[in-house]
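K.L.:
Now for the letters of each chain:
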Amino acid sequence: MAETVIKVKNLSKRYRIGVREGYKTFRETLVDSVKAPFRRIANIGKPVPKDETIWALKAVSFEVKKGEVLGIIGRNGAGKTTLLKILSRITEPTEGRIELKGRVGSLLEVGSGFHPELSGHENIYLYGAILGMDSYEITKKFDEIVAFAEIEKFIDTPVKRYSSGMYMRLAFAVAAHLEPEILLVDEVLAVGDAAFQKKCLGKMGKVAEEGRTVLFVSHNMGAIESLCHRGILLESGEKAFESEIHSVVSKYLSKSYETLEDPLKNCARLGNGKIHVVDFHLESPDGEVLKAARSGEPIVFCFKFENRDCLSNEKVSFCFSVYTDKEFALFHYYSHFSNIYFQDLPKQGWAKCLIPELYLSPGNYLVMSYTLVSGERADWPQAFLPITVVGADFYGTGNPNLSSWGPMLVKGKWAVKEI
Amino acid sequence: MLDSNSNITIIEPKKGLVAVDLKELWNYRELLYFLTKRDIKVRYKQTILGGLWAIIQPVFTMVVFTIFFGRMAKMPSNDIPYPIFVYAGLLPWTYFANALSASGESLVGSANLITKVYFPRLIVPTAASLAGLLDFFIAMLVLLGMMVYYQLVPSFQILLFPFLLGLTFLCAVGAGLWLSALNVQYRDIRYVIPFLIQIWMFVSPVIYPMSLVPEKYHWLLALNPMAGVIGAFRSSLLGHHPIDWTLLGISSLIIVIILLSGVYYFRKMERTFADVI
Ligand SMILES: Nc1ncnc2c1ncn2[C@@H]1O[C@H](COP(=O)(O)OP(=O)(O)OP(=O)(O)O)[C@@H](O)[C@H]1O
Ligand SMILES: [Mg+2]
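Going down the list, the protein sequences come from chains W and P.
Residues 1 to 419 (our numbering) are what the first sequence spells out, left to right.
Residues 1001 to 1277 (our numbering) are what the second sequence spells out, left to right.
The set of hints was computed from the structure by calculation and includes no laboratory data.
Some clues are possibly wrong.
Said to hold, decoys possible - Capping the alpha-carbon separation at 35 Å, the derived lysine-lysine pairs in DSBU-like fashion look like this:
(1) W:Lys153 to P:Lys1045
(2) W:Lys141 to P:Lys1023
(3) W:Lys251 to W:Lys203
(4) W:Lys160 to P:Lys1045
(5) P:Lys1023 to W:Lys140
(6) P:Lys1041 to W:Lys153
(7) W:Lys140 to P:Lys1041
(8) P:Lys1037 to W:Lys141
(9) W:Lys7 to P:Lys1015
(10) P:Lys1014 to W:Lys65
(11) W:Lys9 to P:Lys1023
(12) P:Lys1268 to W:Lys58
(13) W:Lys9 to P:Lys1015
(14) W:Lys65 to P:Lys1015
(15) P:Lys1037 to W:Lys140
(16) P:Lys1041 to W:Lys66
(17) W:Lys141 to P:Lys1045
(18) W:Lys315 to W:Lys304
(19) P:Lys1014 to W:Lys9
(20) W:Lys198 to W:Lys141
(21) W:Lys199 to W:Lys291
(22) P:Lys1014 to W:Lys58
(23) P:Lys1037 to W:Lys160
(24) P:Lys1014 to W:Lys160
(25) W:Lys203 to P:Lys1037
(26) P:Lys1037 to W:Lys199
(27) W:Lys58 to P:Lys1015
(28) W:Lys66 to P:Lys1014
(29) P:Lys1023 to P:Lys1045
(30) W:Lys66 to P:Lys1015
(31) P:Lys1045 to W:Lys140
Using the sequences and the accompanying hints, generate a full structural model.
P.N.:
Now the structure itself:
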């Protein structure tokens, strides 16, 4: 049994949020301190205003074992960064206790320790020292760091002349060669080109293989799934779910998609109106509502319809089409293409179409729905319904970083034949 | 609980007085060195004249003061030539003033570090105060030249020089801790600092000798720790006058108080730096 290296118990963090920034001017404090006694008298018996504080984390507990890679997922503002900041001692918890074993290295927004006027060379030493390395260690790793970052030619250039990709590559390289026993990584793959992202993921995987522990925060579900063993789902500061990584990701994706306003509600419609499609979502084959589809995996397109005045013998063909987010049409699919017609439709119901393998690359897409009744256009809502496709292990190679060059993906059998 | 053999870190909300973790500070000594080096390098890289500024600033001030106070106002200077008299005062003062304003601004200027990486925050204002020492030594060369020119020989009191420099540094760090921590909470401090330094200079015996102040007000002057230090600096360098030990003793005591209270306040506010900065 591997030993436990991180033990978090009942961790809570409360932030003060004023109407303005956290810091006050001197005048405000003076005025406040004069007013305070009066306000206290006036407020006797009234509860402390709750809207002035926010619990970024609420009673979170978990443990991580040596060599484990833990994924932390959650929506914006769920408290992921806050958790890593407390673990790396940047900020103090309000309640709770953490025990950590070993040196902690954190990578929250890489490159923040760089000074633009100094050269790459000087910055490597400075950033290394900030992260807690001594200069002997840095000298030992120097060539490896420069090679990993691929910036040999620019090593004596001030980093203000670097492109943002180079900047981030250098920063990641320093941090990745830090060799802490526990590595905390927050959203650092957002910059950098695809090749470098892959390199970073590979490096983090190697760190874990060497028996070190990694906590990884990302919105890239593909990367999370390929790297992590276990996951924690945070929801408004609370631990909503903890399990093996794939179930955590599915749980996260299945949290129903909260669009601001239902695009099908008051949209213009073309057609004779015998049927109205009134709702739409994606589902897994098991009937779980999904927030996003995954490349190469089965997905069900579900359309809720209202049968307004179809005669029972009329043949109905449902259809949907998918567009890129630039409204370029990719395909459309009428049920009657597969020789499927529906008759005797109920007053209300769901029309569902299971696609066994989704050949779309990761990205945002738009869906439109059409319905034909007896060969005539019955309903064509003039609304694009947004969907998201996230990366998954499409080719079965363990690499979820799919090309997003073009919207479609294919896979097949390759062979070479001698002529 | 985890096995208790190797280094375990406990993270908990801290209450009350938090002692300075000297062992941790020692572990981060390289960071202090690199941050100091960074501050020096950046300043010398960005300016055309680089290290020359360390001389230009006090020398020009000396020239102006000599013309206005020495020649025109006939300021007494304890029977030594006014230029070297005022320069020997400006030397520690310029260092102190620059170090104080640099460390006062240092935390806010390092906001991106403080919100992204953990390290003992005490290092930031300390490094800012240390970085000014290089300028001090460069400006010192001019003083040595002037001492040769005016044929002034320091007495044995020169042995006190490192101690006095140390006191000046500690005074800058102590006041810098207060100002930098306050600056995080109240951004007005940024405007208070230059003002404070200006006033402070006029209540310190930089352009005038202590003897100009009536004897019965000396105790008031002693409350300003830089008064004793600057007086002693001048005595130790120029050897014209014995050091006023009572005054220096009071100054040292006040510097220790400023430093300890600064560390206390800094440690108290430190836990909220990353949240409010
Ligand atoms: N310094 C601060 N002062 C006040 N509130 C803060 C501060 N830092 C974070 N918060 C609040 O705490 C909550 C959690 O923020 P956190 O940065 O941990 O979210 P996150 O899960 O990392 O989100 P994202 O996915 O957008 O990075 C948010 O509501 C945020 O507004
Ligand atoms: Mg975040």
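K.L.:
For this structure, which hints from the list above don't hold up?
P.N.:
The structure breaks hints 16 and 24; every other hint is satisfied.
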